[in-house]
Amino acid sequence: LAQDLFEEGGWPIFSHRAHPLSRSARACKKSEVAMAGCGVAAAAASSMRAAAGSHALTRLILDGGMGHLLRRKGIEVKGAIGSIERFMGVAMANIEQPHLVIEAHEEYLRAGARVVTTNSYACVPSIVGDTEKVLEGIRAAGRLARAAVDKYPGALVAGCLPPLHESYRPDRVAADSELERDYALIAEAVAPYADVLLCETMSSAREANVAARAAAATGKDVWVSWALAEDGSGRLLSGETVEEAMDALGLLVREGQGGPVKACLFNCSQPEDISAALPALRARVPQGVAIGAYANGFGTVKSPGGGCDEYRTDLSPEAYAKFCSKWAADGASILGGCCGIFPEHIAALAQTLEG
Numbered sequence: 399l400a401q402d403l404f405e406e407g408g409w410p411i412f413s414h415r416a417h418p419l420s421r422s423a424r425a426c427k428k429s430e431v432a433m434a435g436c437g438v439a440a441a442a443a444s445s446m447r448a449a450a451g452s453h454a455l456t457r458l459i460l461d462g463g464m465g466h467l468l469r470r471k472g473i474e475v476k477g478a479i480g481s482i483e484r485f486m487g488v489a490m491a492n493i494e495q496p497h498l499v500i501e502a503h504e505e506y507l508r509a510g511a512r513v514v515t516t517n518s519y520a521c522v523p524s525i526v527g528d529t530e531k532v533l534e535g536i537r538a539a540g541r542l543a544r545a546a547v548d549k550y551p552g553a554l555v556a557g558c559l560p561p562l563h564e565s566y567r568p569d570r571v572a573a574d575s576e577l578e579r580d581y582a583l584i585a586e587a588v589a590p591y592a593d594v595l596l597c598e599t600m601s602s603a604r605e606a607n608v609a610a611r612a613a614a615a616t617g618k619d620v621w622v623s624w625a626l627a628e629d630g631s632g633r634l635l636s637g638e639t640v641e642e643a644m645d646a647l648g649l650l651v652r653e654g655q656g657g658p659v660k661a662c663l664f665n666c667s668q669p670e671d672i673s674a675a676l677p678a679l680r681a682r683v684p685q686g687v688a689i690g691a692y693a694n695g696f697g698t699v700k701s702p703g704g705g706c707d708e709y710r711t712d713l714s715p716e717a718y719a720k721f722c723s724k725w726a727a728d729g730a731s732i733l734g735g736c737c738g739i740f741p742e743h744i745a746a747l748a749q750t751l752e753g
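The number in this note's numbering is simply the position in the sequence shown, starting from 1, with 398 added.
What the hints contain is simulated information worked out from the structure, not anything from laboratory work. Beta carbons are placed, not taken as given, at the ideal position from N, Cα and C, and that holds for glycine. Take the hints with a grain of salt, since some may be wrong.
Said to hold, decoys possible - Beta-carbon label-pair distances, calculated as ranges: (1) 685 - 615: 39 to 45 Å; (2) 551 - 493: 24 to 30 Å; (3) 476 - 648: 36 to 42 Å.
Claimed, not checked - Listed below are the simulated DMTMM-like cross-link pairs for lysine to aspartate or glutamate, each with C-alpha atoms no more than 20 Å apart in a straight line: (4) 549 - 501; (5) 471 - 742; (6) 549 - 528; (7) 720 - 752; (8) 471 - 483; (9) 476 - 494; (10) 531 - 501.
Between the sequences and the hints, there should be enough to build the whole structure, so can you do that?
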């Protein structure tokens with residue numbers, strides 16, 4: 399099965415290790431023959447096959463922002479934009495209102511998403527404090543994401559590795575010792591529920607490198623996604639270039655899918671800034687490694703004229719789908735949405751790309 403999944407032209411991010419917690423994976427354990435022909439792995443492999451020798455993968459659609467969708471459903475979101483504390487109520491929903499979390503995941507899946515990210519962005523030690531509570535929140539998020547995707551054959555779970563202190567603040571990236579300790583904790587907790595580990599909203603090359611190394615240590619495939627400066631420069635929030643960010647990953651990303659990092663993306667940024675940065679990423683990513691993007695739908699404190707929590711009135715579902723179409727034309731094969739991108743945006747994206 400491993401050879402089938404990773405052969406030339408095969409799907410490059412889905413691990414051949416059957417997920418221990420999914421119904422499909424449990425069924426596959428009955429025999430080696432059954433494993434080769436059933437379950438989520440076979441469904442994902444057959445429906446998402448791609449040309450591993452190019453950036454033009456079969457399109458894979460991600461979900462949108464969980465925190466903002468849960469706010470629509472009545473979960474409190476408060477605090478400064480960019481602060482992890484802002485989404486503490488969203489994280490607690492995994493334990494206190496799990497039905498809303500599953501409902502939100504399923505809304506994205508019905509809209510056309512085939513990857514949902516665990517609702518664990520705020521489950522970090524610096525915010526939650528108690529290690530056992532951090533683990534409880536992450537594990538609950540993982541169980542809920544798996545429960546949702548098990549109803550949609552071929553759908554995947556991305557396990558979230560978020561910033562440890564604050565989004566959009568490269569100056570608040572911790573020392574390596576804290577990054578190594580906490581990312582190892584998060585990665586090990588979410589990995590049993592995930593098909594791929596997603597290091598997202600990374601604001602500096604160093605932060606992404608340490609997160610990716612911790613994710614890779616679990617044996618899972620890894621995606622790395624950086625947040626961009628909102629000034630049209632195409633640079634990371636740290637001011638580093640895309641080339642510097644890629645260089646920092648080193649041997650984690652190698653030609654022909656030889657490293658654990660199978661995809662490099664941009665997220666939690668304005669669509670215009672992703673458009674500015676994507677050509678540099680396409681030019682720098684090794685052959686066989688996917689590229690992708692999932693943008694914000696509101697202006698952050700870093701945006702020109704931003705600083706409030708109002709959603710962009712010019713970014714209708716149709717307008718967002720047009721951005722995604724341009725990114726697809728530029729080589730992006732993994733597309734979705736981040737904060738302020740809702741199921742209606744994902745539905746428009748899916749219709750545009752698949753129609």
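CA of residue 720 to CA of residue 752, is that 20 Å or under? 13 Å, holds
Could one say that the CB atoms of residue 476 and residue 648 fall in the range 36 to 42 Å? Hint holds: Cβ distance 39 Å, inside 36 to 42 Å.
Could you tell me whether the CB distance from residue 551 to residue 493 stays inside 24 to 30 Å? 28 Å, holds
Does the hinted range 39 to 45 Å hold for residue 685 and residue 615 at CB? The hint (39 to 45 Å, Cβ to Cβ) is violated, given that residue 685 and residue 615 are roughly 25 Å apart.
Proposed proximity, residue 501 with residue 549 (alpha carbon, max 20 Å): Holds, at roughly 12 Å.
With a cut-off of 20 Å on the C-alpha distance, tell me whether residue 549 and residue 528 pass. 33 Å, violated
Hinted pair, alpha-carbon criterion (20 Å max): residue 471, residue 742. Please report holds or violated. 15 Å, holds
Is it true that the CA of residue 476 sits at most 20 Å from the CA of residue 494? 18 Å, holds
Proposed proximity, residue 501 with residue 531 (alpha carbon, max 20 Å): Violated - the C-alpha atoms of residue 501 and residue 531 are around 23 Å apart, more than 20 Å.
Holds or violated: residue 471 to residue 483, with C-alpha atoms at most 20 Å apart: 19 Å, holds
The earlier numbered hints that this structure contradicts are 1, 6, 10.
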